[in-house]
Every structure is written in C-alpha cells, then in structure tokens.
Amino acid sequence: MNLPVLVGLMVVKITLVLVVFLTTIAYVVLMERKVLGFIQLRYGPNRVGPWGLLQPLADMIKLLFKEEFTPPHANKTLFELAPMIVAITAFLPLAAIPFADRILPDSLTIYGYQVDLTVAALNRGVVADVNIGLLYIFAISSLAVYGAVIGGWASNNKYSLLGGLRLCAQMVSYEVALGLSVIGVLMVAGSLSLVTIVEAQKSMWFIVYQPLGFLLYLCAAFAECARTPFDLIECENELVAGYQTEYSSMKWGLLMLGEYGHMIIASALAVTLFLGGWQGPFLPPIVWFLIKTFALIFLFIWVRGTYPRFRFDQLMYFGWKVLIPLALLNILLTGVVMMYL
Amino acid sequence: MGVEEHLGNNVLTTTLEKLVDWGRKNSLWPCTFGLACCAIEMIVTAANRFDIARFGMEAFRASPRQADLMIVAGTVTKKMVPAVVRIYEQMTEPKWVIAMGACASSGGIFDSYAVVQGIDLYLPVDVYVPGCPPRPEGLLYGILKLHEQILKDPFLTKQYRERVQARQEAA
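So the sequence lines, in the order shown, correspond to chains A and B. Take the first sequence: its position 136, counted from the start at 1, is 136 in our numbering, and no numbers get skipped. In our numbering, each residue carries its 1-based index in the second sequence increased by 1000.
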C-alpha cells in the first residue's frame, strides 16, 4: 500500500541529491578558477553576473552548442562510451556517503497514509546505507580508469593513447595505497558501513587515531583524481590534453564533470572516514558536512596553485616505495596499539 | 506581444540565439599557442595585472578541439603556415580568429619572401589588433570588440549558414 509513496519519496531524494551534486560540481569549477585567481593575485571570472556567478552557466551553454566532433578513424561506440563511464562512476559513489544524520521524522502522514520512513533509510541523510559502503565506493570509483583508457584508445590519437596509459598505470598503483591507507580506520571502527564509521567518531575524529592514514589517504586521493602534483595525464607540454585530446563539446564536458565529481567524492570520503563526517557542535549536520568537504576541496585547489608536477618515475617511486610501505606500517602500528590497549 | 504579454515582468524571456551568443561570448576559450614576441604580450594578458580570466577566458585549452578562439600572436612564416592552418582546422565550430600584432595582420616589418603578408590570406580573421607588439590593453580591447561581434552573431539564420558553407568550400 505504501510502496508507491516510498518509491516516489526515494526518487525525489535521489534526484535532489544528484541535482545538488551537479550544481556543486559546476560551482567547484568556478571556485577553482576564483581561488587560483586569488592565489596568483588575479580576480578570476567576475564579468558574468555578480562575482562571476553565472560563469558555469555560460560555459555549459557554450559546451552544449559546440560542434560534436568524432575523429574519422575513431571507434565510435567506445569513443562515446568513455565519457559516460567517467561521469557515471563519479556520480554513483555518492549514494553511500552519509551527508547528514536524520533529515525527516520516523513516520509521516502523506494524503492520509501513514508512511514508515525508516524503510530503506529514507529518513537518514544517506541515499543507501550499505553495510559494505566503503568497498562499494572503491569498487565503483576504480572503474573510472576504464573510461580514460577506453577514451584514449578509441580516439585513435597517440597523445590520447599515451595519456590513457599513463592514467591507467597511475591509478592502478595508487589504488593499492588508497585501499591500504583506510584499513586503519576500518580496524578502529570495526565496520565497512560509512554510517557506522561516522557514528563511531562521536567522541573523537579518526584523524587523531590515524594521522598517518589520513596523510596517506590524501596523497593517494590526489593521485587517484589526477590532480596536481600528480596530473601527469594531461600535462599540456607533453600530451596536449591526455586522453581528452580528441573530445569536444559536451563529451568533454562530461569528462570534466567526472573529474571534478571524483575530487568532490574523494573530499567527502576523507571527511566521512577521518574528519567526523556530519558531526559537529551547534550547526546542523549537513552544514558541518559541507564545511568540511569544501575545506578539503579548497586544499585540492590550494595544492594545484602552489606545487609543480612530479616526473613520471618519481610518481611511480612515490607510490610503490613510499606510500605502500608506509600504509602497511600504519596497519601494523594500529594493530599493535589495538592489541595492547 | 506574444507570450511576454501574459508573463509580465516576472519571467525573463529571450531567444535561443541571444542566449547561446551570450554563452559563447562569456566562455571564449583561446587555443594555447604563440608564434613570436606577441605571444609574450598574450601571456602577460593572462597574468595578474591584466587578467583575461575576468572574462572567463583563462582556460587556455591545449587541445584545439576544445578551443573557441585562435589568437594568431606574431609573425607567421611560410613554413609555419601549414601548422597554423591545421590547428585552425582542428578547432571545432564555432571558432573565431584574432590577428594579433602588425605581422599577423599584414606581415609588419618583415616584407620578405619567407613571411606571410597577413594571416587573413589563409584564415578568416574576425578582429585585427595593430601594434608591434600590441600592449595587453590592446589585445583586451580587441577581445571586447570580438565579444560585441559574437553577441550580434546570427548563427541561426540563413546568412550565417551560407557563410559557413562558403568557408568550408574555400577550405
């Protein structure tokens, strides 16, 4: 009897979260341009609307109405598939990230029907409270590498192919470090569910117990999102624009959407795992979550504005010979401390 | 008149053409490439004192597929022309060209067999910026002129389609 109402509410909730996420991506791009401007003593975009607030809209309109180009010798199916993979793998992890505690009461009366909202966590600030949430997020976001490799190969362009291969090597090596760096958190929290992990940080954030884990996670996340100082896939002086070289108009827009989506997801996940998620005094939970996430996004942009790029062999050295041993050491130390305390 | 009469001042109505022209004007991404001393002035235009980013143009795209504007910054030699023309052809429509400096506009002081006497012999130039080299203010003025031109761009009309066709036939 209540099923249509519940499904309807679920759809509304998912749509709302997705729309907010897409708008956030658009404005994170603007934020990046503004913050980079301030770092370089410039103003950044400020002519389109007040403080340049309509800049994402103008970019979007332009991209939508630009020529859709497919290289003549490209594999058309794969060429069109790649941006979809990149964008979808950026959106899906959002489902498991808790952004607030309770957003609705336990039961509501809608058109005379008593609807139990505890079903499928409808009253919680998370789209799907999966008990393997963290595994799900890592599994989905690892698939993004297929988008890049397929896009690079299907473009039939040597720069695209090299960019795709580089990204593949980079993501495969840093995936290991990323996975190992959060194991300490799992040991302390004793669960893979992100809601449980956030609730376990009620008294103390996990960054206090896992400072090394947090640092390792950040380094690996920068590499996973292919952000400076690890943005070797699109260094203009070597590879034109990496695997994105042959993409134009909204296909390229989707690739960018995916890239910034990954950055936001990585920040939100760091907040959830190490910085107490939505927990905090005085302000509502969702505000705390947004403040912490945007602080980390600012860190991403700050690093881009200040650090040069690594060389590729340095990147590999750093991943395999520094991050992974340190992550293993972190697990060992956490285990020893947990055993004797 | 029409639908605006019923909506009053509550809803902003516009034509698709105006909206898209507004978007294109405000998000005009140049192609990353410079040829001679004018390129230095172009780089300065992107730096803090002049800040091309104010117009949403700091996204210099390395790949021509994503660029909208080609700033031909400097002397074009006969050997360089194939590369310049190829980059222009790789850019996706709609695209605009600014001839920056005396050399790109007319060959400048290099009245020689090796130098192209104005890039407009090969590409459809929209705005010429004189100067040797033009100061960043000059380039910015040229860009603002191009913005005016784009705002009036009748890309949905027959005239525009004929122009594009003529350009494709010439190429």
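Quick caveat, the hints were computed from the structure, so don't treat them as lab data. Everything numeric in this text was worked out from a predicted model, so none of it was measured. Built from N, CA and C at the ideal position, the CB exists for glycine as well. Each hint should be verified, as a subset may be incorrect.
Unchecked claim - Residues of chain B placed beyond 10 Å of chain A at every Cβ, according to the derived structure:
| # | residue |
| --- | --- |
| 1 | 1022 |
| 2 | 1023 |
| 3 | 1024 |
| 4 | 1032 |
| 5 | 1036 |
| 6 | 1048 |
| 7 | 1056 |
| 8 | 1058 |
| 9 | 1077 |
Unchecked claim - Ranges between beta-carbon positions, derived for each pair:
| # | chain 1 | residue 1 | chain 2 | residue 2 | range |
| --- | --- | --- | --- | --- | --- |
| 10 | B | 1086 | A | 165 | 23 to 33 Å |
| 11 | B | 1148 | A | 16 | 35 to 45 Å |
| 12 | B | 1082 | A | 88 | 38 to 48 Å |
Quick rundown of the hints versus the structure:
The beta carbon of residue 1022 of chain B sits about 7 Å from the closest Cβ of chain A, which is not more than 10 Å, so the claim that it is off the interface is violated. For residue 1023 of chain B, the condition that its CB be more than 10 Å from all CB atoms of chain A is violated, with the nearest at approximately 3 Å. For residue 1024 of chain B, the condition that its CB be more than 10 Å from all CB atoms of chain A is violated, with the nearest at approximately 5 Å. Taking the minimum C-beta to C-beta distance to chain A, about 6 Å, the non-interface status of residue 1032 of chain B is violated against the 10 Å cut.
Its beta-carbon lying about 19 Å from the closest one in chain A, residue 1036 of chain B satisfies the requirement of being farther than 10 Å from that chain. Listed as outside the interface, residue 1048 of chain B is inconsistent with that label: its C-beta sits roughly 4 Å from the nearest C-beta of chain A, within the 10 Å cut-off. A beta-carbon of chain A comes within 10 Å of the beta-carbon of residue 1056 of chain B; the shortest separation is about 5 Å. Not every beta carbon of chain A lies more than 10 Å from that of residue 1058 of chain B, the smallest distance being close to 7 Å; the non-interface claim is violated.
Distance to chain A confirms residue 1077 of chain B as a non-interface residue, since its nearest Cβ pair spans about 22 Å, more than 10 Å. Our hint of 23 to 33 Å for residue 1086 of chain B and residue 165 of chain A holds, since their Cβ atoms are close to 25 Å apart. With their beta carbons about 41 Å apart, residue 1148 of chain B and residue 16 of chain A fall inside the hinted range of 35 to 45 Å. Taking 38 to 48 Å as the suggested C-beta distance range, the pair residue 1082 of chain B and residue 88 of chain A conforms, at roughly 40 Å.
Of the numbered hints listed earlier, those contradicted by the structure are 1, 2, 3, 4, 6, 7 and 8.
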